[in-house]
Amino acid sequence: MKFYFALWLAKIIGAAINLVSRDRGTNLPGEKALVVDPNFVKNFKNIDYSKVVFITGTNGKSSTTNLVAHILKENGKKIISNLEGANLLSGIATILAKESTLTGKLKVDYYIFETDERYLPLVYEQLPAENMLITNLQKDQVQRNGDPDFIYRKLKEVINPQMTLILNNEEPRSRSFEEIAGRSVYYGVQHHDESFTKGSDYPTQACPKCHHDLSFDYYNVDSIGPFYCAHCGYASEKTPEYVVTDINFTEKTFRLKGVKCNMPYDLPFMFYNYAGALAICQEICDISPEQAAQAFNNFKNIGGRFEVLKYKAKTIKYMRIKQENPDTLQSALNIMASDQEEKMVALGLYTLVDFVPHYANTFYAFDCDFKPLIDSKVERYLCFSEHVSYDTANRLIYEGVAKADITIMDSDNIKEIFAEIDKAKTNNIYLITWISTFEKMKKFIEGGQN
Amino acid sequence: MDKTLKIGWLFPNTFSLHGDRGNILAIRAEGVRRGYRVEIDQINLDTKEFNPLDYDFIFCPPGEIVHFEAVIAFLKPHREAFITFIENHPMLVTGTSIGVFGKKINRNDKTIINGLGLIGLEVNENHAVYGDDLYYICEYNGNKMEIIGNQIQMMDADINEESPFGYLKYGYGNTGKTKFEGAKSGKAIFTNTLGPLLVCNPWLTEEIMNLIETNKELPVWEEKRDNSLEVNSLKTKVALIEKKESRLISVDER
Chain A
1 MKFYFALWLA
11 KIIGAAINLV
21 SRDRGTNLPG
31 EKALVVDPNF
41 VKNFKNIDYS
51 KVVFITGTNG
61 KSSTTNLVAH
71 ILKENGKKII
81 SNLEGANLLS
91 GIATILAKES
101 TLTGKLKVDY
111 YIFETDERYL
121 PLVYEQLPAE
131 NMLITNLQKD
141 QVQRNGDPDF
151 IYRKLKEVIN
161 PQMTLILNNE
171 EPRSRSFEEI
181 AGRSVYYGVQ
191 HHDESFTKGS
201 DYPTQACPKC
211 HHDLSFDYYN
221 VDSIGPFYCA
231 HCGYASEKTP
241 EYVVTDINFT
251 EKTFRLKGVK
261 CNMPYDLPFM
271 FYNYAGALAI
281 CQEICDISPE
291 QAAQAFNNFK
301 NIGGRFEVLK
311 YKAKTIKYMR
321 IKQENPDTLQ
331 SALNIMASDQ
341 EEKMVALGLY
351 TLVDFVPHYA
361 NTFYAFDCDF
371 KPLIDSKVER
381 YLCFSEHVSY
391 DTANRLIYEG
401 VAKADITIMD
411 SDNIKEIFAE
421 IDKAKTNNIY
431 LITWISTFEK
441 MKKFIEGGQN
Chain B
1 MDKTLKIGWL
11 FPNTFSLHGD
21 RGNILAIRAE
31 GVRRGYRVEI
41 DQINLDTKEF
51 NPLDYDFIFC
61 PPGEIVHFEA
71 VIAFLKPHRE
81 AFITFIENHP
91 MLVTGTSIGV
101 FGKKINRNDK
111 TIINGLGLIG
121 LEVNENHAVY
131 GDDLYYICEY
141 NGNKMEIIGN
151 QIQMMDADIN
161 EESPFGYLKY
171 GYGNTGKTKF
181 EGAKSGKAIF
191 TNTLGPLLVC
201 NPWLTEEIMN
211 LIETNKELPV
221 WEEKRDNSLE
231 VNSLKTKVAL
241 IEKKESRLIS
251 VDER
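So the sequence lines, in the order shown, correspond to chains A and B.
Each residue of the first sequence is one higher than the one before, counting from 1 in full-length UniProt numbering.
Each residue of the second sequence is one higher than the one before, counting from 1 in full-length UniProt numbering.
Pulled out of the complex, with its shape left as it was, chain A reads as follows:
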């Protein structure tokens, strides 16, 4: 009976939120339902766990979830998914409550859930999915997650021989879960024009099996690429079953299992999401790459990390990085470096303000290779953002940038940022900052400051 009260309460709250705004409160109905019935998710009646897929990992889980959901819908499948990124138990509870009948019955083909890697054991306890894709396990949000092994252990609590895992072939930590899973399917990306290497003084990582050093032939995305351990032989497969090949940046196409697909986003970190999504579709949902290919023609990613603004005669290319995450910063640096036109780089790494205590951490920037960016015709650097601008500038200085080529602004003042942008001779501006500052900059432009 508790379950029904919880369900009806969630439905009423969900309907009320919908009346106010469709964009708000993605977690609230589930949160309240879980207070009434702590086993709320477990108590849904007819979920076939072999049709449930979790998509977890450090980077790429939202995009992969969005893409899988899109492909399945385009192929006529009825699915439930948490597309708005509500990836905790309460978010999943919310969407299940919304999609179920008044008696808690669900009638869908597949459940595709993005799940926060840190809280996966809590979700799994109530919803024992039999399929899981792990995108990668990287350094991320260290204030919460500490180190990758902390998250590795969380996932290990859940993975069992009844599970099918879809694993990134070229990411050593997540690939190593093959030892526990009943069945593993691998996906990867072939070498492409934006694959890169890093100098020998950039650390790689420890082999998750024997602790010795891992070597990477090259990286497709920071910390991800064909790897091997000379000590124990642990290595990525040369040709995984689902591999994105023939990436053509001019035509914006790629191939997988010989099937040509349009490439809606030509950013290197998306290639792994394409491969992983196609692997799920075929292996779990029986949608072949041929059937999936057409869905790439009209895929729009929700909450993408790249936006372009027009400001006076200038084009501002904004790249949103994840806080405390060297891999997304490296991807952004590589994108800037690949543009050989004259450019101004505005770097607003920022104080961490997710929860108390806020703190001034930019140390992840020392894991990133700035050299290709510095060699790519940068007219001027602007290091801004209160409390961290000097450290950001110092990172550039240690990479060889002259102090005189950097403007340091210990502030997030929008007008001052635009005043510096105005001073640039080039119209080609790259911007990295947190979403809040970016939104203010966007409003500034929309407010007629053009």
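Everything labelled a hint here was simulated from the structure, so no lab data went into it.
Values in this document were obtained by computation on a predicted structure and should not be read as measured data.
Hints should not be assumed to be uniformly reliable.
To be verified - Derived pair list, reagent style SDA-like, types lysine to any residue, alpha-carbon separation capped at 25 Å:
1. B/LYS48 - A/GLU157
2. B/LYS169 - A/GLU194
3. B/LYS110 - A/GLU157
4. A/LYS2 - A/ALA16
With the hints as your guide, set chain B onto chain A.
What follows is chain B alone, placed relative to chain A:
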């Protein structure tokens, strides 16, 4: 006089968590500024010939505890050499790796890893992670200084009878309950300060380099580095510390 400085970088790939490579860049830059040739040796689990006494400075970055047993097994034959080394030579050990050089690492699954026992501290793995700024006063090579940095605390350090490296002005430090930050033994620094500590605090880098020069009987470089950028960085981060909300027991109440 030997104008080459030899830096030993322990386990750069096995232990790499928080942009710790910045410390190597800082020590190298300071050495080069003083006109030395700086050689950096990366020591890993496959290194065949390792002798701590071959180096002028050794840096051990923080690592995941899962790798500790392999690292300790590698270092164990060199324990006595390390004891001799830190009597006079600078060594910097940061973050979790403090545990490697201490007596015991008590994991939260109740297992125990025995450390090298170079210093009489014990560490206890925490169930939750604590991340924050870290601000303290310390003395190194006879000079008092302020240090600013970050801390991602995966385990508490009980330093027992050992001397702390620093006295907190703000931050969690060793346990969140004392005023102590890190520990020191001989010329070795064991600190919770992560990331590019020597980049953000070049005054410590200078003292390490002064000590290296003294050890090598080289004249101590007198031309001071321009630290204005780092001083500004310290000031703005202290301003953040002074205004921000904190749930720590205040240092004065510890």
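Each hint, compared with the structure:
{"no.": "1", "hint": "B/LYS48 - A/GLU157", "verdict": "violated, 37 Å"}
{"no.": "2", "hint": "B/LYS169 - A/GLU194", "verdict": "violated, 46 Å"}
{"no.": "3", "hint": "B/LYS110 - A/GLU157", "verdict": "holds, 17 Å"}
{"no.": "4", "hint": "A/LYS2 - A/ALA16", "verdict": "holds, 21 Å"}
The earlier numbered hints that this structure contradicts are 1 and 2.
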